Amino acid sequence: MNLLATLRFLGRLLLVLALAESFPVAVCWFYGEQEALVDFLATAAATGLCGLLLIRVGGAGGELYRREGIVIVVAGWILASLFGAVPYFLSGEVGLVDALFESASGFTTTGASILTDIESAPRGLLFWRSFTQWLGGMGIIVLFVALLPELGPGARFLYKLEVPGPTAETLHPRVHDTAAVLWKTYLYLSLAQVLLLLAAGLDLYDAMTHTFSTLSTGGFSPRGASIAAFGSPLVEVIVVVFMVIAGANFSLYFAILRHRGRNLVRDPEFRLYVAMIAAASGLVTWNLMTRGGYELLPRAFLDALFQVASILTTTGFATADYDRWPSLSRLLLVGLMFIGGCAGSTAGGLKVMRLVIGLKSALREVRLMYSPSTVLRIFVGGKAVPDAVVKSVAGFFILYFVSWALGTLFLTMGGIDLETSASAAIATLGNIGPGLARVGPAQNFAFWSDAQKLLMVLLMWLGRLEVYAIAALVTASFWRR
Amino acid sequence: MEKKRYVVMGAGEVGFHLARTLSREGHDVVVIEADGDKRERIEEIDAAAVIGNGAHVPVLEAARVDRTDLFMAVSSNDEANLAAAVLAKRLGARRTVVRVAVAEDVTTHRRIYEEVFGVDLLLSTQLLATTRILNHILGHNTLAVEYLARGKVQLRKIHLEADSVLTQRRLRDVEMPEGSLVVAFFRGEALFVPAGDDQAEPGDEALIVGKTETISRTQRILSRSPRTPGAVVICGGGATGETVALALAGQVDRVRIIETDRRRAEELAARFPDHEVLCGDATDPSLLKAERVAEARAFLALTGNDERNLMASLLAQELGVPRVIALVDRTETSHLWRKLGMMQVVSPRSLASERVREYIESGYSANIVSLKRGAAQVIERRLAPASPAAGVTLAEMSPPRGLIVGAVVRGEKVFIPRGKDRLEVGDTVILFVQEEHVPTVQLLFPGREPS
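As they're listed, the protein sequences go chains B and V. Counting from 1, one number per residue, gives the positions in the first sequence under the working numbering. Counting from 482, one number per residue, gives the positions in the second sequence under the working numbering.
These aren't lab readings, by the way, just hints derived from the structure by calculation. One should not assume that every hint holds.
[To be verified] Computed list of lysine-lysine pairs in PhoX-like fashion (alpha-carbon distance at most 25 Å, straight line): (1) Lys391(B) - Lys184(B); (2) Lys894(V) - Lys383(B); (3) Lys383(B) - Lys633(V); (4) Lys519(V) - Lys485(V); (5) Lys184(B) - Lys360(B); (6) Lys360(B) - Lys383(B).
Since we're looking at a predicted model, the values are computed, not measured.
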């Protein structure tokens, strides 16, 4: 374990964070929010100083290997959440734990909130809230790898640790270029959505903040009523489209830029993902029309589509209180929470790709029951999946469900009902945001005890970093010399 | 017969077999061999032995390659063969034959090898064995195959019996599948380009051109051979097994490959999603029984080990597989195999030496069409902007009867052109040309052969 190199790296990460924290200063200045402006300046200065200190302590540093990589990624996310919490705390609106919850919920693109009266908060702070989601969506480590070309061989491992999915594709021979391409794609898509939302009649502030939380599949909104606040089907459609885009593998968009648009249509994971959205929306629409008290088919369909896309992509925006929907629809949405988006997207959850590999692997075991000498490979889109990946997928399922089960167990301890606890656990672990019952889309997370909020922060980190990295840190042999 | 001087590099199975036959015919044969222990064996067949690495100039000089008509680099080492061929040619050998292992080098990349290494005949033992095995199990009568347009198009010479539709109906009444064309019939020594009214006779040979994906289907229709039902079991997933498995894809109901090595089996399973790969020992009767190999239509023993092939074939025969084909490396023992009741024994080595002898007998023509001494040839041309054929439909061009545009390759697409099809700049055309029309080709399609 090369502690000094790790510290130096984390110090540089904090410098980037300090830079990010100075963006809201401009927003505060524009809206004349003096107090918030000072808060952000102070936060940025403190983050920057801590960064410089760590770099100083770290000295010249050295090579990064796997262990350092794991520590950097996990510690990086913890530090970002901690320093990102400072503005919430300084604003005086929330306590320390609540501030950390809100910050972690932002960076991990969960979108669960403890704010009870969102619209009374300073606009600069709400801008930061959405901005953290945008940073966390494509990933702070990936951003870091994209910004710094000289990270060396360790960078590839860092990248793989943060990019979600069973395998992280690299589009360029150099991981720095891959990360840069991904961030560029992300940036262009963001620009496109901002322009479309402006055209749909939103002001720049609303357009930007909602773009941040759409493309990152975060789900924070500076409006109390979320996307429903605009009362515009056009805005809803734009948001649906970009949620779906954000929930798919970003390397496919890179392929489009390279005039290989067919890759998108042919990608097996993307096809299944779109098929799931279509099927679930259809089923929910039918359920809403027959049992949900909806009168108009277009309204029922748009609400169904929006909620399904929002949950499957783990965004967590709401245009309807799906908690009041019939049981079938609610159950379907919970099912989608577990699945999540595609590998290489900004979405959370188990990922469609893992589901496919997991199911195929289970079917393979069935077949091996009666013909044990057959050699069966698992194919996705005509390509054989390496067995190491299949194994890691199986392991991931176990760890994911254990995390969810233990989380639920701990949340019910305070006497909270099962539906609330179980859905809150998956809503945070899957980086979705809203759950059912007391954590439904019209509710918030303020009522939980501090210990439970901290547990949910842990679940959010576990979900965002896909369990393995954090699990590695708590195994004894990791630290053994 | 005129006495010639030949140099063979490599006294392995192929080289040795070749050297012996040539020497028996009364030619002077020099064998270059790295292993000094083989000297006596070489000298026994009345050939001169030069001990050393054939890819070294002094060794080639000692073998006097400057005085040979044909230098045959047929050792089991591809790189050495290629290097030796280039050097030998530079030192004055008139023609070179090079043996490579992988079939794809011949089917797809032949032209590059020919160009870069000055190879006159490139052959792959794997490919020869595969063609022969396919004949056996698919009931094809393929005499020779030529791969064109980077393997996308094939030209096949097939033997016609009375059961073929081509011998029963006039050509215009034969329903040819899309993507294939009959370009010529051979009758005795004569070659003619058939018109719609023509009909082949039993014993004729036909030349068909077609897309690689569909030509086997065409051949099945032409030879009226029933589609082979059931499974084909391939024992041994080495290079030959893999090539055969690839060629069988889509030709039979099911292909099952038995491979001993776990890692190799996984590779094959990844390569062939539609085939079934079993990991196990094909000489283990309980495996063959458990996997119900007896129900297979054909069993191919294609491991690199003669003894294992023998063992597996005997077991398969015992289990009642109707057709058993075994690969044999040691050419001297193949007659013993036949004694054991193996109906079909394929020896890649003797196939290779047969191919070389065919090449020599044809007067050094590697092209399968011009086996009949320059009567016709196949020419591949890329359409240059200046070409008069560019932008013209086939009907407008109305080429003479002895000039057939057999296939057009446009990007990744291959098609057999009809009258209304227009040729475009950049297309690669495959032309079948009778000797007297070669000047017309130069006129219509100026330029060089694409590589």
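Each hint tested on the structure:
1. Lys391(B) - Lys184(B): Cα-Cα ~33 Å, so violated.
2. Lys894(V) - Lys383(B): OK: lysine 894(V) and lysine 383(B) at ~23 Å, within 25 Å.
3. Lys383(B) - Lys633(V): holds, 23 Å
4. Lys519(V) - Lys485(V): holds, 24 Å
5. Lys184(B) - Lys360(B): Violated: lysine 184(B) and lysine 360(B) sit about 34 Å apart, past 25 Å.
6. Lys360(B) - Lys383(B): Within the cut-off at roughly 13 Å; holds.
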